[in-house]
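**Student:** Sequence:
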Amino acid sequence: MDRLKAMTIFRAVAQEGGFAAAARRLGLSPPVVTRAVADLEAHLGLTLFHRSTRRVELTEGGARYLEDAGRILEQIDTAERRVAGSRGAIRGELRITAPVMYGQLHIMPVVAALLRAHPELNIQLLLLDRNVRMEEEGIDVAVRVGAQPDSAYQSVRIDAVQQVVVASPGYLERHGTPLTPDDIAGHATILSTTVERRTYWRFGERGRIRVPIAPRLSVNAIAACLAAAEEGLGLACLFDYQAAAALERGSLVTVLDRIRLTPVPVQLLFAADRTRLPAVRAFIDAAKSVRVPG
1 MDRLKAMTIF
11 RAVAQEGGFA
21 AAARRLGLSP
31 PVVTRAVADL
41 EAHLGLTLFH
51 RSTRRVELTE
61 GGARYLEDAG
71 RILEQIDTAE
81 RRVAGSRGAI
91 RGELRITAPV
101 MYGQLHIMPV
111 VAALLRAHPE
121 LNIQLLLLDR
131 NVRMEEEGID
141 VAVRVGAQPD
151 SAYQSVRIDA
161 VQQVVVASPG
171 YLERHGTPLT
181 PDDIAGHATI
191 LSTTVERRTY
201 WRFGERGRIR
211 VPIAPRLSVN
221 AIAACLAAAE
231 EGLGLACLFD
241 YQAAAALERG
251 SLVTVLDRIR
261 LTPVPVQLLF
271 AADRTRLPAV
281 RAFIDAAKSV
291 RVPG
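In terms of full-length UniProt numbering, the sequence shown is residues 1 to 294.
Just so you know, not all the hints are guaranteed correct.
[To be verified] With a straight-line Cα cutoff of 20 Å, these simulated EDC-like cross-link-like pairs (lysine to aspartate or glutamate) come out: (1) K5 with D129; (2) K5 with E41; (3) K5 with E67; (4) K5 with E74; (5) K5 with D68; (6) K5 with E120; (7) K5 with D39; (8) K5 with E16; (9) K5 with E136; (10) K5 with E137; (11) K5 with D182.
[Stated by the list, open to error] Quick list of simulated restraints, FRET-style, between CB atoms: (12) T47 with Q124: 27 to 33 Å; (13) T177 with Y200: 19 to 25 Å; (14) A245 with G61: 47 to 53 Å; (15) V156 with Q124: 17 to 23 Å.
Worth flagging that the hints you see were computed from the coordinates, not collected in a lab.
For each residue, glycine too, the CB sits at the ideal point set by N, CA and C.
Please construct the entire structure, taking both the sequences and the accompanying hints into account.
**Tutor:** Structure follows, in structure tokens:
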């Protein structure tokens, strides 16, 4: 049994949540994938997955093995790409994750420029409004909006985005325009829960003014939050780049402009050993030009 191949297949099944999906991703037949996992389980003397007709889930032992196997596969991948990079050209595969809208607006141009400049480079860009587990997903660099907790990853700040409170003109006609943060208590609010579920908005210098909110609507997608605000369902707190198009066409307007919300940093997160890879260094350098941080 080729244990590295079996580990790769096992990780794909765990990440995709099924044997058929893993087979499609790897370009293998489902029986090959099923057999490889079965052989690996026999070799380890361990059941890696709970199987049912509807879903495939890791066992407790499978979850522990996934962590160790993922680390081994990533070390091998890093070593191979480091050797390839040492030969001069930036080549191989670079895996990046970013929030959906920020990635579309600000990271895609960086990716496009890198691909044009380096014909032997391939990039996987995973756009998700949630924070993925970088090691398990094989991510080289994560673009994160918002302050990050202490972690084992290095970080580089590339941008700062402004938060704005917005509402539709129709909503403000019906319910009045809030003039101070305290006025928010009398209004309906909409909360985006894409990364975290906050129960307050922070205003003023360094966010010293903390205003509790009790949202009437919570949604897990920025597009849905925007649509709800445009429908006049309440006030929403969004990043300026998320609301820019709606503000330009007039379906949303900003309120409380005199008391701005706290700017939020945008950072790149990456493991220290990844900076030895030429493609990672090239992306980090290019991403620093996204916007001059405020």
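**Student:** It remains to establish, for every hint, whether it holds in the given structure.
**Tutor:** Each hint, compared with the structure:
Taken as a hint, the K5 and D129 pair is broken in the structure, with Cα atoms around 31 Å apart against an allowance of 20 Å. For the hint linking K5 to E41, the alpha-carbon distance of about 14 Å falls within 20 Å, and the restraint holds. About 16 Å separates the Cα atoms of K5 and E67, which keeps this hinted pair within 20 Å; it holds. Restraint check for K5 and E74: satisfied, since their Cα atoms lie roughly 13 Å apart, inside the 20 Å limit.
Straight-line distance between C-alpha atoms of K5 and D68 comes to about 15 Å, which keeps the hinted pair within the 20 Å bound. Using a Cα cut-off of 20 Å, the hinted pair K5 and E120 is violated, with the two alpha carbons roughly 24 Å apart. Taking the CA atoms of K5 and D39, the gap is near 11 Å; set against the 20 Å cutoff, the hint holds. Under the criterion of a C-alpha separation no larger than 20 Å, the hint pairing K5 with E16 is consistent with the structure, at around 16 Å.
The suggested pairing of K5 with E136 holds, with an alpha-carbon distance near 17 Å, which does not exceed 20 Å. Between the alpha carbons of K5 and E137 the distance comes to roughly 17 Å, so the proposed pair stays at or under 20 Å and holds. Simply put, K5 and D182 have alpha-carbon atoms about 59 Å apart, too far for the 20 Å limit, and the pair is violated. In this structure the supplied range 27 to 33 Å holds for T47 paired with Q124, their Cβ-Cβ distance being about 31 Å.
Our hint of 19 to 25 Å for T177 and Y200 holds, since their Cβ atoms are close to 21 Å apart. For A245 and G61, the hinted distance range of 47 to 53 Å is satisfied, since their beta carbons lie about 48 Å from each other. The hint said 17 to 23 Å for the Cβ distance between V156 and Q124, and at roughly 20 Å that hint holds.
When held up to the earlier numbered hints, the structure conflicts with 1, 6 and 11 and fits the remainder.
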